[in-house]
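**Student:** With chain A fixed as given, assemble chain B onto it according to the hints.
Taken in sequence, the protein lines are chains A and B. Residue 82 in numbering that gives the first Met the number 0 sits at position 83 of the first sequence, with consecutive numbering throughout. Residue 194 in numbering that gives the first Met the number 0 sits at position 195 of the second sequence, with consecutive numbering throughout.
Take these hints with a grain of salt, some might be off.
[What the hints assert, rightly or not] Restraint ranges, calculated between C-beta atoms of paired labels, are given here: (1) F192(B) - A150(A): 22 to 30 Å; (2) E145(B) - F113(A): 58 to 66 Å; (3) A48(A) - R136(B): 33 to 41 Å.
Rather than coming from a laboratory, the hints here were simulated on the basis of the structure. C-beta atoms are modelled at their ideal positions from N, C-alpha and C, and glycine is treated no differently.
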Amino acid sequence: MALETAIEMAPSWPEQIFTILGRFDVRQVPYVPDAGHSQLIERVLGASAMRAVPLTTEEEGVALLAGAWAGGQRGVLLMQSSGVGNCINMFSLTQIFRFPFLTLVTMRGEWGEFNPWQVPMGSSTQAVFELCGIKVLRASHADEVREVVEAAAGQAYNACTPTAVLLSQRLIGAKVFSK
Amino acid sequence: MSQANLLDRRRVVASLLAERGESLVVGGLGASTYDMAAAGDHDRNLYLWGAMGGAVMIGLGLALAQPELPVVVITGDGEMLMGMGSLATVGLQQPKNLTIVVLDNEVYGETGGQASHTADNVDLVAVARACGIADSRALATLAETEAFAPGMQDVSSGPRFASIKIDSANAERVLSSRDGGYIINRIRGSLGFGPM
Chain A
0 MALETAIEMA PSWPEQIFTI LGRFDVRQVP YVPDAGHSQL IERVLGASAM
50 RAVPLTTEEE GVALLAGAWA GGQRGVLLMQ SSGVGNCINM FSLTQIFRFP
100 FLTLVTMRGE WGEFNPWQVP MGSSTQAVFE LCGIKVLRAS HADEVREVVE
150 AAAGQAYNAC TPTAVLLSQR LIGAKVFSK
Chain B
0 MSQANLLDRR RVVASLLAER GESLVVGGLG ASTYDMAAAG DHDRNLYLWG
50 AMGGAVMIGL GLALAQPELP VVVITGDGEM LMGMGSLATV GLQQPKNLTI
100 VVLDNEVYGE TGGQASHTAD NVDLVAVARA CGIADSRALA TLAETEAFAP
150 GMQDVSSGPR FASIKIDSAN AERVLSSRDG GYIINRIRGS LGFGPM
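Chain A extracted, bound-state conformation (with noise of 0.2 Å):
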């Protein structure tokens, strides 16, 4: 088989991401949309076993999050890179439930980016996470996200260890407004 074609067999890194939640029994999907979360969002939308949770700001997924978990229910929150900065209050919630909290964060701001407004928060993004107790971790390459996934849904829902994964520009490409 030629390598081209067993590029183009293998699900898309969103594909897999959407199974891995599936098989760590995620139930809630709070989201603010986003360019690169676009084929997750619509997959979540269409799964009976999820509920897909569209939001007005961020921090609104991480309250939802603790209360679904106080529920028994497992979640995941959806975002863009500018929307952590939203969410930082709220993060407090992760360490004082240590509940099981994960996030998968596109990022915006680095990797050619064409808009410098989204340069600051994109910049500040992952130190912002560790300055409020939630573990890095980060996919750059189609090929890695599906392990990166794995690992940061396995220490969070196992572990209660809160864990962000930053989805890199370089592997979403950056948006292109203009040639």
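**Tutor:** Only chain B this time, still in chain A's reference frame:
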């Protein structure tokens, strides 16, 4: 500053929770949490001592996870204003087992009684209705509150929202546990879920 025509918050919360049954109850940061503690500690009380603006969303997460149980969020006007977008999120999800009660004293009582927006330009009942919570109402008397309370047990007709104008007098602080791990694992235990 006591206004004789406004309701006493402790009597309001006691009447809301008197026949709480299997309900899960979330208390917003500040006096709402004290009111819940004053009404009686309970395995299914989720007290918040921070995370301002998060009470309704925690209630939504609980309500989606436990659709057969009534979930009640009791919070203040300041806490509700900080999380006003969460009313839009609840309106979209339409959780039939969720009730949101705002104890509206029109001030930030914990911080010296500064006026909140509800003292002037914001009508939270109208906001909730405009966000898609069709059953949104103001409760003006203790009798209305008592009549409203049994409906919170109905897990097929929510979401519902009630604003109750209360006296802005600060009641004695009744302190609940501040240990988040204890609080959340106690609730999980009551639902049959273990700790990690």
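**Student:** Give a verdict on every hint.
**Tutor:** Taking the hints in turn, this is what the structure says about them:
Between F192(B) and A150(A) the beta carbons are some 25 Å apart, a value that agrees with the proposed interval 22 to 30 Å. At roughly 60 Å, the beta-carbon separation of E145(B) and F113(A) lies within the given 58 to 66 Å, and the hint holds. The hint said 33 to 41 Å for the Cβ distance between A48(A) and R136(B), and at roughly 35 Å that hint holds.
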